[in-house]
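Protein chains: 2
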Amino acid sequence: MELILASQSPRRKEILSLLDIPFTIAVSDADETVDDSLPPYFIAESLSLKKAVAVAKNIDTEAIVIGADTIVVSEGKILGKPKDDADAFSMLSSLSGRTHSVISGVTVLDTKCAKSESFYVETKVTFYPLTDKEIADYIATGECRDKAGAYGIQGRGGKFVEKISGDYFNVVGLPLSKLYQVLKKEFNIF
Amino acid sequence: MELILASQSPRRKEILSLLDIPFTIAVSDADETVDDSLPPYFIAESLSLKKAVAVAKNIDTEAIVIGADTIVVSEGKILGKPKDDADAFSMLSSLSGRTHSVISGVTVLDTKCAKSESFYVETKVTFYPLTDKEIADYIATGECRDKAGAYGIQGRGGKFVEKISGDYFNVVGLPLSKLYQVLKKEFNIF
Chain A
0 MELILASQSP RRKEILSLLD IPFTIAVSDA DETVDDSLPP YFIAESLSLK KAVAVAKNID
60 TEAIVIGADT IVVSEGKILG KPKDDADAFS MLSSLSGRTH SVISGVTVLD TKCAKSESFY
120 VETKVTFYPL TDKEIADYIA TGECRDKAGA YGIQGRGGKF VEKISGDYFN VVGLPLSKLY
180 QVLKKEFNIF
Chain B
0 MELILASQSP RRKEILSLLD IPFTIAVSDA DETVDDSLPP YFIAESLSLK KAVAVAKNID
60 TEAIVIGADT IVVSEGKILG KPKDDADAFS MLSSLSGRTH SVISGVTVLD TKCAKSESFY
120 VETKVTFYPL TDKEIADYIA TGECRDKAGA YGIQGRGGKF VEKISGDYFN VVGLPLSKLY
180 QVLKKEFNIF
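Going down the list, the protein sequences come from chains A and B.
Take the first sequence: its position 85, counted from the start at 1, is 84 in numbering that gives the first Met the number 0, and no numbers get skipped.
Take the second sequence: its position 6, counted from the start at 1, is 5 in numbering that gives the first Met the number 0, and no numbers get skipped.
Keep in mind that the hints were calculated from the coordinates and are not lab data.
There could be a bad hint or two in this list.
Treat identical chains as interchangeable: a pair holds within one or across any two.
Stated by the list, open to error - 30 Å max Cα-Cα, derived DSSO-like pairs, lysine-lysine:
id, residue 1, residue 2
1, Lys111, Lys82
2, Lys56, Lys132
3, Lys114, Lys76
4, Lys123, Lys184
5, Lys111, Lys123
6, Lys76, Lys111
7, Lys12, Lys76
8, Lys114, Lys82
9, Lys123, Lys12
10, Lys56, Lys123
11, Lys123, Lys183
12, Lys111, Lys80
13, Lys12, Lys132
14, Lys184, Lys82
15, Lys56, Lys76
16, Lys123, Lys76
17, Lys132, Lys114
18, Lys12, Lys114
Since the model is a prediction, treat every value here as computed from it, not as a measurement.
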């Protein structure tokens, strides 16, 4: 059966590749507007479902579609991708010396039997205190631009992370081990 | 000042590269015999010191040498690299459904002022329960061969890891953020 990842993120593609199963990429044109008053895990799950459904509606054959959405929550506030360098500076300052949450919502959807399973995984990430110079130097690398929360744990941002509690790949963008469990137990893949 | 990584591990090289500072690699011929009766953190630190010293003794100029050693401890037993597939099977069976520790010892040594700083970082890793077939399939990929504890968290082994508590890069082989703190605060790099 065809497996489709409804995400253009090269990081998600790389993580899913670790499962050694063939899959293709489809671009989702889902409306990503969210109601910020809802709890973060609900937002992440809803967006993952929207993305999977948007791809599934264009498919006639039987396929399993995986949608995913990752959000960063610090002090009760959702941090998206930074709008500009000043926004990135503000985000990184708010993460400095504190613990925040990274929540990925995932939906696995079987287009034939219309079965779908949504779940979320939360990982706590603790930053060392950062100086303004460290933040400015990091922003200058350009790494933060396309990343929720303005950092990449898998890259230069990793040196700021004292510890995490939870799944590492979840922070990068796709909760690998939980997804593997769901594909295995609920969709009989593997 | 020259920075030297006393390790041939391509994974450690990749992690250290995230700090954006130039460094070279030197092979350490340190005797890696250890006294298993000592506590694991002491063994990891001692081996990192031995590796750094073995490289430093061949250097005439001023340089900062980084030695590192990573060990896996499960149920009080130290797991090294598997001797063969049967050994890998036994190790992975013992990790299944349990939490184990990965401890990296690191030594940073300045060859000129003979200043050295050793530390260790511990990360707890929790595996999902594994079936015999999952273990056998994983061993067949060959990934476990050169890895302490017989798995690579950064590769296909990642799908077995439910969660970690601590530094992810420490499990891969080098505790990036703590090393960055020590280089910055104790050796005035950055």
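Here is what the structure says about each hint:
no.	hint	in the structure
1	Lys111 <-> Lys82	neither (39 Å within a copy, 46 Å between copies)
2	Lys56 <-> Lys132	neither (48 Å within a copy, 36 Å between copies)
3	Lys114 <-> Lys76	neither (33 Å within a copy, 44 Å between copies)
4	Lys123 <-> Lys184	both (26 Å within a copy, 26 Å between copies)
5	Lys111 <-> Lys123	neither (36 Å within a copy, 41 Å between copies)
6	Lys76 <-> Lys111	neither (38 Å within a copy, 49 Å between copies)
7	Lys12 <-> Lys76	within (28 Å within a copy, 36 Å between copies)
8	Lys114 <-> Lys82	neither (37 Å within a copy, 45 Å between copies)
9	Lys123 <-> Lys12	both (23 Å within a copy, 27 Å between copies)
10	Lys56 <-> Lys123	neither (34 Å within a copy, 42 Å between copies)
11	Lys123 <-> Lys183	both (26 Å within a copy, 25 Å between copies)
12	Lys111 <-> Lys80	neither (34 Å within a copy, 45 Å between copies)
13	Lys12 <-> Lys132	between (33 Å within a copy, 25 Å between copies)
14	Lys184 <-> Lys82	neither (40 Å within a copy, 33 Å between copies)
15	Lys56 <-> Lys76	neither (33 Å within a copy, 52 Å between copies)
16	Lys123 <-> Lys76	both (15 Å within a copy, 29 Å between copies)
17	Lys132 <-> Lys114	between (50 Å within a copy, 27 Å between copies)
18	Lys12 <-> Lys114	within (23 Å within a copy, 44 Å between copies)
Violated hints, in rising order: 1, 2, 3, 5, 6, 8, 10, 12, 14 and 15; the structure is consistent with all others.
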